[in-house]
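Chemist: Given next are the chains, with one letter for each unit.
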Amino acid sequence: MTESLFFIFATMAIVSALTVVVTRNPIYSAVSLVITLFSLAGIFLLLEAYFLAVVQIIIYAGAIMVLFLFVIMLLNPGKEAKFLSLTDPRTLIVTLLSIAFIGMIFSLVSGSVNYIGEVMGSVEELGTTRNIGLTLFTKYLLPFEIASLLLLVALVGAVLMTKRNLR
Amino acid sequence: MLPIEYYLWFAAALFAIGVAGVLLRRNVIIVFMSIELMLNAVNVTFIAFSRQMNNIDGQIFVFFVMTLAAAEVAVGLAIIVAMYRNKKSINVQDMNLLKW
Amino acid sequence: MIDFQIVPADFYLLLPEMVLSVGAMLLLFLELFLKGNKTVQQWTAFAIFVVALSLLLSQESSGATGFGMMVRSDLFGQFISAVVLIGGGLTVLLGKEYLVSREWHRGEYYSLLLFASVGMLFMVRGLDLLVIFLGLELLSISLYILVGYFRDRLFSNEAALKYLLLGAFASGFLLYGIAYTYGSYGTTNLNEIRTMGSPESMTFHWIGLSLILVGFSFKVALVPFHMWLPDVYQGAPTPVTGFMATTTKAAAFAAMLRILFYGFPADIAEWMPLFWFLSAVTMTVGNVIALQQSNLKRMLAYSAIAHAGYLMIGVTVGTETGAAGMLFYLLGYLFMNIGAFAVVQYFEGKDETRLDFESYAGLAKKHPLISLAMTLFMFALAGFPLTVGFTGKFYIFTTAINQGFVWLIVIAVLNSLISVYYYLRVVIYMYMKPLEEEIEFSPMELPAKVALTVCVYAVLHLGVLPGNFITLAREAVSAIF
Numbered sequence: 009m010t011e012s013l014f015f016i017f018a019t020m021a022i023v024s025a026l027t028v029v030v031t032r033n034p035i036y037s038a039v040s041l042v043i044t045l046f047s048l049a050g051i052f053l054l055l056e057a058y059f060l061a062v063v064q065i066i067i068y069a070g071a072i073m074v075l076f077l078f079v080i081m082l083l084n085p086g087k088e089a090k091f092l093s094l095t096d097p098r099t100l101i102v103t104l105l106s107i108a109f110i111g112m113i114f115s116l117v118s119g120s121v122n123y124i125g126e127v128m129g130s131v132e133e134l135g136t137t138r139n140i141g142l143t144l145f146t147k148y149l150l151p152f153e154i155a156s157l158l159l160l161v162a163l164v165g166a167v168l169m170t171k172r173n174l175r
Numbered sequence: 097m098l099p100i101e102y103y104l105w106f107a108a109a110l111f112a113i114g115v116a117g118v119l120l121r122r123n124v125i126i127v128f129m130s131i132e133l134m135l136n137a138v139n140v141t142f143i144a145f146s147r148q149m150n151n152i153d154g155q156i157f158v159f160f161v162m163t164l165a166a167a168e169v170a171v172g173l174a175i176i177v178a179m180y181r182n183k184k185s186i187n188v189q190d191m192n193l194l195k196w
Numbered sequence: 011m012i013d014f015q016i017v018p019a020d021f022y023l024l025l026p027e028m029v030l031s032v033g034a035m036l037l038l039f040l041e042l043f044l045k046g047n048k049t050v051q052q053w054t055a056f057a058i059f060v061v062a063l064s065l066l067l068s069q070e071s072s073g074a075t076g077f078g079m080m081v082r083s084d085l086f087g088q089f090i091s092a093v094v095l096i097g098g099g100l101t102v103l104l105g106k107e108y109l110v111s112r113e114w115h116r117g118e119y120y121s122l123l124l125f126a127s128v129g130m131l132f133m134v135r136g137l138d139l140l141v142i143f144l145g146l147e148l149l150s151i152s153l154y155i156l157v158g159y160f161r162d163r164l165f166s167n168e169a170a171l172k173y174l175l176l177g178a179f180a181s182g183f184l185l186y187g188i189a190y191t192y193g194s195y196g197t198t199n200l201n202e203i204r205t206m207g208s209p210e211s212m213t214f215h216w217i218g219l220s221l222i223l224v225g226f227s228f229k230v231a232l233v234p235f236h237m238w239l240p241d242v243y244q245g246a247p248t249p250v251t252g253f254m255a256t257t258t259k260a261a262a263f264a265a266m267l268r269i270l271f272y273g274f275p276a277d278i279a280e281w282m283p284l285f286w287f288l289s290a291v292t293m294t295v296g297n298v299i300a301l302q303q304s305n306l307k308r309m310l311a312y313s314a315i316a317h318a319g320y321l322m323i324g325v326t327v328g329t330e331t332g333a334a335g336m337l338f339y340l341l342g343y344l345f346m347n348i349g350a351f352a353v354v355q356y357f358e359g360k361d362e363t364r365l366d367f368e369s370y371a372g373l374a375k376k377h378p379l380i381s382l383a384m385t386l387f388m389f390a391l392a393g394f395p396l397t398v399g400f401t402g403k404f405y406i407f408t409t410a411i412n413q414g415f416v417w418l419i420v421i422a423v424l425n426s427l428i429s430v431y432y433y434l435r436v437v438i439y440m441y442m443k444p445l446e447e448e449i450e451f452s453p454m455e456l457p458a459k460v461a462l463t464v465c466v467y468a469v470l471h472l473g474v475l476p477g478n479f480i481t482l483a484r485e486a487v488s489a490i491f
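Residue numbers (our numbering), protein chains in the order written: chain A, 9 to 175; chain B, 97 to 196; chain C, 11 to 491.
Since the hints were made in silico from the structure, they are not lab data.
Even glycine gets a Cβ: it sits at the ideal position worked out from N, Cα and C.
A couple of the hints might just be wrong.
Claimed, not checked - Just the calculated beta-carbon pair ranges, DEER-fashion:
(1) Leu174/A / Phe14/C: 43 to 49 angstroms
(2) Leu445/C / Ala108/A: 55 to 61 angstroms
(3) Pro444/C / Asn182/B: 36 to 42 angstroms
Said to hold, decoys possible - Below, simulated EDC-like cross-link-like pairs (lysine to aspartate or glutamate); rule was C-alpha separation at most 16 angstroms, straight line:
(4) Lys171/A / Asp162/C
(5) Lys459/C / Glu107/C
(6) Lys360/C / Glu450/C
(7) Lys375/C / Glu455/C
(8) Lys376/C / Glu448/C
(9) Lys183/B / Asp162/C
(10) Lys48/C / Glu455/C
(11) Lys184/B / Asp162/C
(12) Lys375/C / Glu446/C
Given the sequences, and given the hints that come with them, work out the whole structure.
Modeler: Encoded structure:
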């Protein structure tokens, strides 16, 4: 059951991720990215990261993607004049390098099986909201505060960059 | 249950697709989405390790990566909007004042 | 179930960061209520930097950790944090006229400088990869905005966008590396990694460390990951460029040193050939391209790349003295480079047209003092004796020679010789060429004068009497070994 679900989600994620990179129309890319993010939420569930799966959908697929779509609609950039072509040496080199990178990680990771065995049996409470909350507000209190500064800076920056009549 | 390698392979593929997108595409918004793909690949890696070791720290890290992604996207899109007001183009190849 | 307590001592440890962030928010409020009063804004920002610096220096540097080993207060962190805060204070003093003349003087500018400094402090004092990473991102996001601060100028927009895209790209690699490190050690805490010694999985350890190094190579702009830097330095407002070139470099190198030397001490020797190569290539490429530049800001940008190469010698050597040399050089680099950018900013005029060598022709006659200061900074960057550029380089180079890195130092010395050509070109234009056109520059305001004097004094003092500071740097470095 888990195996087949993993393969379904993984295939969906990879195919739609490829679509993000190869389609010409930014709207199609954005929609494909939403599909990738949803499939990833499924994979998070398989890994028993329940809280993160929900956050993935609410924040990533919800908030962040809406921001993307909003900007695409606002600017209406249209299609690229010069598009990916397989005859372009740049495209070929980058594609080959990416495949080489995947191959490298594949072979390296497979070589270290003595350490990675089966994913351990069910640990029901690993990724629950309770567990995440307990860890986040004790051990990780300081990073949590830094993250709040990060968001404040982003807020100030977005206003500073786009508000009309600032001067 | 599946061995963890499957998850790591999957994450590596996703990461490589993201890197290729950043290097190949000229539309800034799509370059941005490719960076999101890279960050998501990282998240899968973290969660897989977290599950493997039955250790919550990796999941907390993912939580912060998501925060970062939100902040980066907000600032990035704001800069794109500011640039569009001056230039009416958001293609990397049109950015020619400075040598790209 | 989780034994974790936060005691007042934890907050005491973070007082500088707290003062800086509260101060940054205060400046956002001041912008609302004191719209026109630029002097108050400038002095408030400066006072916040001074208070944070004095709090930082008054702390004990015993190596105490806080917030469950998230941060560590040691002399190493203190040294680089002090460099960052001094740089921030000088930038505040120098920036006002530049912003006022472009009608872009706003409280957010100071606020973002403060936030960037908070980020850098967390980077250099953090003991957990998560804190270092969040500090790096706080710094980066503040800088993306500061680089694009003149939002109605296309130059500024493009620079900000390039910086953001490549910065985020680099963060992706860094994070992927941290993920694999987590996978091999089961923790992201450098202290635990250090005590653990050997990883559970060597493969993951290698993947993780190499990806982290790729990420940091982007951030400190080592060749071949340097291509963003000249464009960003050129497009950013000049005071921001000075701030970035000095403090950010110090913080990024410090974080890299802490991760490598404190977290993974066993790996330094194994990675030496790679560091050697990166160092040699970075300084050579930086210097050779700097030769061909006609724009002063771009020239200084390539010179910054070359200096990253010199600093990498310290990592290549991999001993305490090597790292101490880096720390001392970063301190000296702060003053010479902020000073150089301050002069560039003064002469560049309102519309950024006066950035080429020709516009410096004959300036020495009309502005003898500022030209003299510029000459000093150029000499220091080139590494002439009696300046900190010489003592810093001398210290790093001799350490490397003692450890047997003769060829690397041959390359470095040849590079320094090449660099003399383009640094002296500025001086030659100022002193030897006739004045081309009469341009009135408004006289420098008092704060900027003070800052420039401090830079001149520090370059000379550290050049002539470096003893105390070198001792301090050595003590500081022993905290991470």
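Chemist: Can you list which hints this structure breaks, lowest number first?
Modeler: Result: hint 7 breaks, nothing else.
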